[in-house]
Every structure is written in structure tokens, then in C-alpha cells.
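Visitor: Single-letter residue listing:
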Amino acid sequence: RPTHRRPSRRSGAGLVAAGGLSSLASVVESQQFDRPMLEELFEVAREMERITEDGSECKILAGKVMGTLFYEPSTRTRLSFETAMCRLGGKVVSTENAREFSSVAKGETLEDTIRTLEQYVDVVVLRHFQAGSARIAADAASVPLISAGDGPGQHPTQALLDIYTIQKEIGRVDDTKVALVGDLANGRTARSLAYILSKFRNVKLYFVAPDVARINEDIKEHLTECGCEWEEVDNLQSVASEVDVLYQTRIQKERYGDRPEDYEKAQGKFIVDEDLMRLMKQDAVVMHPLPRVGEITPQVDADPRAAYFRQAKNGLYIRMALLATLLKGK
Amino acid sequence: RPTHRRPSRRSGAGLVAAGGLSSLASVVESQQFDRPMLEELFEVAREMERITEDGSECKILAGKVMGTLFYEPSTRTRLSFETAMCRLGGKVVSTENAREFSSVAKGETLEDTIRTLEQYVDVVVLRHFQAGSARIAADAASVPLISAGDGPGQHPTQALLDIYTIQKEIGRVDDTKVALVGDLANGRTARSLAYILSKFRNVKLYFVAPDVARINEDIKEHLTECGCEWEEVDNLQSVASEVDVLYQTRIQKERYGDRPEDYEKAQGKFIVDEDLMRLMKQDAVVMHPLPRVGEITPQVDADPRAAYFRQAKNGLYIRMALLATLLKGK
Amino acid sequence: RPTHRRPSRRSGAGLVAAGGLSSLASVVESQQFDRPMLEELFEVAREMERITEDGSECKILAGKVMGTLFYEPSTRTRLSFETAMCRLGGKVVSTENAREFSSVAKGETLEDTIRTLEQYVDVVVLRHFQAGSARIAADAASVPLISAGDGPGQHPTQALLDIYTIQKEIGRVDDTKVALVGDLANGRTARSLAYILSKFRNVKLYFVAPDVARINEDIKEHLTECGCEWEEVDNLQSVASEVDVLYQTRIQKERYGDRPEDYEKAQGKFIVDEDLMRLMKQDAVVMHPLPRVGEITPQVDADPRAAYFRQAKNGLYIRMALLATLLKGK
Numbered sequence: 001r002p003t004h005r006r007p008s009r010r011s012g013a014g015l016v017a018a019g020g021l022s023s024l025a026s027v028v029e030s031q032q033f034d035r036p037m038l039e040e041l042f043e044v045a046r047e048m049e050r051i052t053e054d055g056s057e058c059k060i061l062a063g064k065v066m067g068t069l070f071y072e073p074s075t076r077t078r079l080s081f082e083t084a085m086c087r088l089g090g091k092v093v094s095t096e097n098a099r100e101f102s103s104v105a106k107g108e109t110l111e112d113t114i115r116t117l118e119q120y121v122d123v124v125v126l127r128h129f130q131a132g133s134a135r136i137a138a139d140a141a142s143v144p145l146i147s148a149g150d151g152p153g154q155h156p157t158q159a160l161l162d163i164y165t166i167q168k169e170i171g172r173v174d175d176t177k178v179a180l181v182g183d184l185a186n187g188r189t190a191r192s193l194a195y196i197l198s199k200f201r202n203v204k205l206y207f208v209a210p211d212v213a214r215i216n217e218d219i220k221e222h223l224t225e226c227g228c229e230w231e232e233v234d235n236l237q238s239v240a241s242e243v244d245v246l247y248q249t250r251i252q253k254e255r256y257g258d259r260p261e262d263y264e265k266a267q268g269k270f271i272v273d274e275d276l277m278r279l280m281k282q283d284a285v286v287m288h289p290l291p292r293v294g295e296i297t298p299q300v301d302a303d304p305r306a307a308y309f310r311q312a313k314n315g316l317y318i319r320m321a322l323l324a325t326l327l328k329g330k
Numbered sequence: 001r002p003t004h005r006r007p008s009r010r011s012g013a014g015l016v017a018a019g020g021l022s023s024l025a026s027v028v029e030s031q032q033f034d035r036p037m038l039e040e041l042f043e044v045a046r047e048m049e050r051i052t053e054d055g056s057e058c059k060i061l062a063g064k065v066m067g068t069l070f071y072e073p074s075t076r077t078r079l080s081f082e083t084a085m086c087r088l089g090g091k092v093v094s095t096e097n098a099r100e101f102s103s104v105a106k107g108e109t110l111e112d113t114i115r116t117l118e119q120y121v122d123v124v125v126l127r128h129f130q131a132g133s134a135r136i137a138a139d140a141a142s143v144p145l146i147s148a149g150d151g152p153g154q155h156p157t158q159a160l161l162d163i164y165t166i167q168k169e170i171g172r173v174d175d176t177k178v179a180l181v182g183d184l185a186n187g188r189t190a191r192s193l194a195y196i197l198s199k200f201r202n203v204k205l206y207f208v209a210p211d212v213a214r215i216n217e218d219i220k221e222h223l224t225e226c227g228c229e230w231e232e233v234d235n236l237q238s239v240a241s242e243v244d245v246l247y248q249t250r251i252q253k254e255r256y257g258d259r260p261e262d263y264e265k266a267q268g269k270f271i272v273d274e275d276l277m278r279l280m281k282q283d284a285v286v287m288h289p290l291p292r293v294g295e296i297t298p299q300v301d302a303d304p305r306a307a308y309f310r311q312a313k314n315g316l317y318i319r320m321a322l323l324a325t326l327l328k329g330k
Numbered sequence: 001r002p003t004h005r006r007p008s009r010r011s012g013a014g015l016v017a018a019g020g021l022s023s024l025a026s027v028v029e030s031q032q033f034d035r036p037m038l039e040e041l042f043e044v045a046r047e048m049e050r051i052t053e054d055g056s057e058c059k060i061l062a063g064k065v066m067g068t069l070f071y072e073p074s075t076r077t078r079l080s081f082e083t084a085m086c087r088l089g090g091k092v093v094s095t096e097n098a099r100e101f102s103s104v105a106k107g108e109t110l111e112d113t114i115r116t117l118e119q120y121v122d123v124v125v126l127r128h129f130q131a132g133s134a135r136i137a138a139d140a141a142s143v144p145l146i147s148a149g150d151g152p153g154q155h156p157t158q159a160l161l162d163i164y165t166i167q168k169e170i171g172r173v174d175d176t177k178v179a180l181v182g183d184l185a186n187g188r189t190a191r192s193l194a195y196i197l198s199k200f201r202n203v204k205l206y207f208v209a210p211d212v213a214r215i216n217e218d219i220k221e222h223l224t225e226c227g228c229e230w231e232e233v234d235n236l237q238s239v240a241s242e243v244d245v246l247y248q249t250r251i252q253k254e255r256y257g258d259r260p261e262d263y264e265k266a267q268g269k270f271i272v273d274e275d276l277m278r279l280m281k282q283d284a285v286v287m288h289p290l291p292r293v294g295e296i297t298p299q300v301d302a303d304p305r306a307a308y309f310r311q312a313k314n315g316l317y318i319r320m321a322l323l324a325t326l327l328k329g330k
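Chains as they are written, first to last, in the numbering used here: chain H, 1 to 330; chain E, 1 to 330; chain C, 1 to 330.
FYI, nobody ran anything at the bench for these hints, they're computed from the structure. Among the clues, some could well be false.
The list cannot tell twin chains apart, which means a pair is met if one copy fits it or any two copies do.
To be verified - Below 25 Å or equal to it, Euclidean Cα-Cα: the simulated BS3-like pairs (lysine-lysine) are: (1) Lys106 with Lys313; (2) Lys328 with Lys313; (3) Lys253 with Lys106; (4) Lys253 with Lys168; (5) Lys265 with Lys106; (6) Lys199 with Lys330.
Computed from a predicted structure; not experimentally measured.
If we strip away everything but chain H, and leave its shape as in the complex, we get (with noise of 0.2 Å):
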């Protein structure tokens, strides 16, 4: 009699990814990567792109369903992840309501729900409400599992879709300058990126946030530990003519609840408009994890140095990638 799961697929060994890109068995977080596996990544997604363009019927996963099991809503990654798998010829089923998962109410743990739905698919999509739950449920999983975010946690695909667009705008990722501005303090977009990019030589930071919404300590410390270097600057106009990078970020209006006079001073503080694109080089880039309240003007977006639509676009060739990498050959 076979045992239900195959600990050779187990997850834990994915973790560490000893291997490189080929060993990587689930994505839970963005220090799964070391730099020779996001090369790798990058070159797959490359192949990504020519594939979707190509517009012929791909076949790379046909055969393979992928579940997607949302237990907050997140419609933009949702089909972002179901579609990279449409566009490889993969199947979906979904859920965008996984809390009210009936199981779920009925008292199940995640453990358990994730060993019924890996019985049915291929690979599992998991977006959560909480830190850590991505790691559970990959340890549970013997087949691979994404993480689509979970809460305050790690949301992966985003801080890898992000350097991948800094690599394919500038054409390099070592040597840049690279400015975050806005809600450092909430947003994990702009932590997880800080991150990555230490992963890199001669990276330059500059935060640019509102007093209310500074970037925390630890990261601070952890890129001087790297040899990052990094300042602090209150004055977006004279680091706008500096950077390769220009990344906005939307100030969390959730997180300002009782402090409303906080969020508006912060919201209307750094705005990069016309007159901040005149300060730009011409060879540099602006980037937003959208959605985007008014921090970035509409006039902006007709400018070619507007990067932000075609990063989400990357967003789908990333997760393409890392989907054909987890499943091809299985």
C-alpha cells in the first residue's frame, strides 16, 4: 500500500535549495534565492516572455492543474498566478473565499486542508491573512506550494518580479541607485526589495519617507552588515536626479486608522509628477507595486520612463517561470 506522500518532494529540502533553481520545490519567501538562482529565474522568464508573445498555444504544462486557495482577497495576484498558468497550458481551480472554506469553519487546520487539495492538484497557490502560514502549509505539501503572500509575511513573487524589472529597464542590477519612497514603515514591498537588492554590489539606497513612515532599524542594519550603501533623505527632488530607480509606494491608509491627520500629511508629501520626471535622467525608471492612490500622477504615465504597467506585466512572466520550474518534468 503507497503512502500518501512522497517525503522525497517534501518541501524542507526546497527550502534550501542546495541545488540551485532545479531543487527548488516551493516559494515561501524571497531568501530562497541566492544571486545565481534569480540569473536563472531571470533567464527562464525571458523564455516567458518570448512564449507569450510567440501567441501560439503553449504546451509546457498541459496536463497540470493548478489550485489556487485565497484566504484573503487579492484579485490582482490571483490572476496574475492563474493566468501564467493559462498562458502555459496548465488548468485552475480556485477559491478567493478559503476562509469561509467550509472545512475551515468547521474547525480544520491548514495542515489538513492543504493535504486534501494536494490530492486533487499540482501545485498549490496559497495567499494567507497570517505571518508564517506559507511555511506551514509548504511543510504540509508534497507538491509544490507559492506563497501569494501571507499578511504581514513575505509576499516572494512580488520582490522577484520587482527585481526583475530593475534588471530588464536598467539592464543591470549591480551599479544602481535606486531610491524607495513613500510608506517604508508598512509596506513590505519596498522592505522585501531593500533585501533582495543587498544581494547585489554596489547598490546604492535612499529612503525617502514621511517621519510617520519611516523604514525600520532592522533593515538599516541588515544592508550595513551587507556593505549596502544607504541614506536616509528628506528632499525627493534632489535624489530624483540621482537614481536609476525611482520606487513609490502608496501610503497605507489602513494602517493610519486613528491618525488621519498622519495619513494626510504623509499621502500628499512625496509626489512624483511632471515636474519630478523633468529632474529625472532620461535612462532611469519609475516603479509602484500598484495600486496607486495619487502619489504617482496620471500625467506621468505617458512618459516611457512609467514603468509601472509593464512591472506588473512582469509580475505574470515571473510567475510563469515559477510555475514551468516547479512543475516541468513532474
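Given the coordinates of chain H, work out where chains E and C should sit on it, guided by the hints.
Guide: Only chains E and C this time, still in chain H's reference frame:
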């Protein structure tokens, strides 16, 4: 560096559609379709019927992905569009809760949502609760967009499937007598059908509505201007024996919140039952956009002139025809 | 003019199923399946296992579309059906919020909803909250319909997967001893399994339930009539060493709203843990319809006799077998 949109595919041009059906870029209102375009569309719809009845796998849109973005629930319309895409060999990613789309809650504009979604998919099907939203979205989109209804505004694919059903059931649209019955004040389908019928020759329209739900003056004026004959009548029996098409509609209870006695009076006034069917011509048909409540009795269903479920099926063919037209060769 | 339904495919005939599995038109209750049909179905399910394990793209239902219409959430069952369709090469359109289906809110009957949906899709999978709904829907449908559970009524595919699991794990169903444990009053799975087991030879059933959750008289009478031996016992330990199958079920907390102390007493009474496993035979198995709460401890999962996740996978195969049977050649 490529710009993020290709102006040549902007929908603005498509709304004019000077070059007939092949120049169609988006579908936001039934006025986009002149008579030659309707005839072209019906020809494609007939081809879609052949494909569907054949039953073997169709690959016309293999490799293409449709995104359904529904800001209010309309399961019937959504499943019709999604099945249409599936039957053409394409794939679907979907949200029926777009209003809770996390980024909308965070303040994202419809334009930004569309310009993110178009990074993933090849065509967007939009249902929105605000009149005019479909046009705004189509203008923002660089991929084709089809409106699945925008609130009290337009529901163009319903009008197209209605006119296609008349053509198919009666064998012609010119030289027909059509009775529009029921809630002519609130139902947008009856209004839209009246507009589109005015493009045909020698059509006579009868409006049969309770006093509280009579058709608006603007439509009567439009018909008079077009030289389309119309008449308001109060006796369904006398009209029933005259017409080729009896188009029944539901009294929209939700519009009579503070006037329950008006609703009751209107609801019971014009019922299509077996007695009424006996008065109708043998080659006439009964249509209804569905859902019905009690305005057509279930006993009528077995009558071969009851065309309303076939009408629903024609919705599938029309949506397949639109998807094939918008996406083929792209 | 064609009529809108083909009477020859009406499900009425299928419910009798005089001609064995090939004459099956819809699945609404487990009583439709006599023993030869079960054996045919299991043969198809084994073929489905081979197809799934093979991993290459299957085209058996290519070109076919399944519509899932869920009036109450049951993500586990829904994803199982949807994956089954995907693995056969078919496509899926889906709603898990059919109760908010706009047309239901407007007063549409279930029959009309089904007769609209069948214009689009080739097979309907229905989950409903009212007993008897599946039969009503199947009678209205001119395409095959599979019930995914109708409230306190039937959940036929669960019963089928349970009996298939016994056949597969034990190698036979005849000549087995089966203990049904837990909430035998409220759980429809235990009731259905008892009924279906009565079709086999020399099966002995043990009912092991807390006093507040004992099995109903009607089932005991039915078993006695069929000549199927049964016994109510209060000692799980003594039974554990006897049986080939220990079928554990969850105490349904939601049924004890006004009697929390009854729930607590019932919940803690019969636990399957490592101590109990030591009493069981080496070739016996533990089954559970899932989700579980605490009635099987997680330590049991590693025991090869813990069959409950394999049981979930068998649900996939049984649903694939039913879909293939209902749709092949259509």
C-alpha cells in the same frame, strides 16, 4: 524601450468602426452596430452554432485568455461569456466580486484596474454598476473590451442576441410586427431592442405596458424620426393575434420598493399563458430576456413557439461571435 | 423549428438505469447504483487513476464544458469536481454563490435556472441546501446533472467514493466488518455508506456513537430487512481489533447549538489515536470523510493504515469516472 500601450489598438477607433465588423475594437453599446455589421455578426454567429453543434474541440482562440471583471453579480451573463470563450478553445480568469477587489477598496481608479488586467489577458469582459463605465474602461484599454452591462446604461450583447433571435426564429427582421410587453419603463432590454429594431425596414412596434411602467417619450420620438411605426395599446389579446414576436419582460419589483400596490397591479396585468398562445399566429414566437417570475406560465414552455430558452442559447453564439471577431488574428 | 429539449435525454430514464452504467443520465442518489453498476463504475475509476498517474494531457472530454452551480459553499467538493473535469481535458465555468445568483433573488425557479444553464454547458454539477433539489433539477435538465449534495438529503458521490475506497484498500467489500463511529445521527455520509454496504454479501456493521448521536431506527430496519448483520456497541477498543474498516466521522458541532455540553461529551468520547491503532489489524484501514477536528489525532496520519487522504483522492477518480460515463460519446 517599448511604450506600454499600442495606440493603434485603442478602442476609440473601434467605436466608430468605419470598416465594418473587422474594424471592431471593443463593444460598449449597441449603437456601434449598423445594419451591415449586424448581418456580418449574424453570419459569424451561425458559424459558431456549427462549431458548437459539431462538439469536437475548437482551437480558434487557443492560447488566448479572457478576463471577466464583474463589479456586480450577474451569474447568467458571466457564465454565458465564459462558456463562449471555453467553446472557442480559449481560457478564462475571472472575478465576480470586483467591487471588493482589494485595489478598488484602496482607491484605485477603474482605468488603472483595466490597465493592470490588460497586462495579463487578451480581452476584458466588464460588468459595472455605473452607466458610462464601459466607455471609460474601453478608452483606457489597449486590449479589446466587451461590456456585459453598465448599470442603467447599456447591455449591448443582450440587444444583439435579441435581434439575432428574431432573425433566426422568424427568418427576417424587416417586415415584422413586434410587441414589447411588461416593464417598458425600467427594463433596459426592451428599450435597447426598440432602438436596434428601428434600423430595419417596415417594423411595427406595439408597446403593451401597465400605466406605471410605460415606455419613455425619448424612444417614441426616436422611432418616429426613423419612420418606424409604433402604437401604445392596452389590450394584449388583440395584439397577440397580430404580431410575429411577443417580447415579454419581468416587472422589476426592485424598482417599486415604496409602491407595492403598483407592483402588484403591474405584475398581474399582462400574463402570457396557454389561452394567450391560442390567439397567436402559428409562426410567431414568444421571447423573454429571463429571468421570469410569473409573467409567462410554465405551461407555455412546451409550446414550440416559446423561444426564450433558445434565446438564451443565442446569447452564447453571439458572445462567441464577438470574441472570435475581436481576437482572431491577434 | 427545433424544440428546446430532447426528451430522449431526460434524466427520468437515467434514474431507473435499467441498462447499467451506460444508461445513466444523471446522478442524484446512491440508490441509483446497483451492484453491477458499482463494479462497472469502479472499473472506469481505475482507468481514471491510470490516466491521472500517466500525467500527460488527457483529451477524453476535450471540447466539453461543465457548469458548477453551488447554492451553498463546499469548496472541497467543488474543487474535486472541477479538477476531475480538468483532468479529463474538459473546461469549467463555475459559481459558488448561486444563492446570490441575481436571477434567484429576482424569483426565478430552480428549473428555469437549470434550463438556462443547460443552454451553455454539457453537464451541470449542483450543490443545493434543500433536500430533493437534485431530483427536481435533474428532471428539468436535458443535459446530465450530478448532485454534489442537497442539504440533509443525499451526497451520492461521497457514498460512491467511500465504497470505492473500501474495495481498493481492503481488496473486497463482501465479507468485511465495518465500524461506523461518531455522529451517526447527523452525518449523512455514515447513513449513506450503511445503505450502500447493504448491497454486498456478508458485511457486518458496528455502530459506535455517543448516546446523543445514535443512528436512526430506519437504517437499522433496512439492514435487518436486507439480511445485513449490525450491532450497536459502546466500546470502540473492543471493536477496533475486529474490523477491517473503521469509518470515523466528525461530531457536527453546528447541530448542537443549544446543547454545548452534549457536544463536548460526544466530541471527546471516541478518539482514534496511536493507542487505538495498536489494537487494529495490520490490514485494516481508518477512513474519514473529512474535515476532521480532533477525532483522529495527527499522530495517526503517518500510519499506512490511515486512508483518509487517499480516500479524498478516490473522490477525484470517482468524479472523473462519472463525468466520463455521462459525457463520453455525446
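Visitor: Given a CA cutoff of 25 Å, do lysine 328 and lysine 313 count as a within-copy pair, a between-copy pair, both, or neither?
Guide: Both ways: lysine 328 and lysine 313 sit 22 Å apart in one copy and 22 Å across, limit 25 Å.
Visitor: Go through the copies and call it for lysine 199 and lysine 330: within, between, both or neither, with a Cα cutoff of 25 Å.
Guide: For lysine 199 and lysine 330, the Cα distance exceeds 25 Å both inside one copy (31 Å) and across copies (40 Å).
Visitor: I want to check one pair: lysine 265 and lysine 106. Are their C-alpha atoms no more than 25 Å apart within a copy, between two copies, both, or neither?
Guide: Between copies only: 18 Å across chains, 44 Å inside a chain, cut-off 25 Å.
Visitor: Given a CA cutoff of 25 Å, do lysine 106 and lysine 313 count as a within-copy pair, a between-copy pair, both, or neither?
Guide: Answer is between: at 21 Å across copies they meet the 25 Å cutoff, but 39 Å inside does not.
Visitor: Under a CA distance limit of 25 Å, which applies to lysine 253 and lysine 106: within one copy, between copies, both, or neither?
Guide: So lysine 253 and lysine 106 pass the 25 Å test across copies only (8 Å; inside, 34 Å).
Visitor: My question is about lysine 253 and lysine 168: at a cut-off of 25 Å on alpha-carbon distance, are they close within one copy, between copies, both, or neither?
Guide: neither (31 Å within a copy, 55 Å between copies)
Violation of the numbered hints given earlier is confined to hints 4 and 6; the remaining hints are satisfied by the structure.
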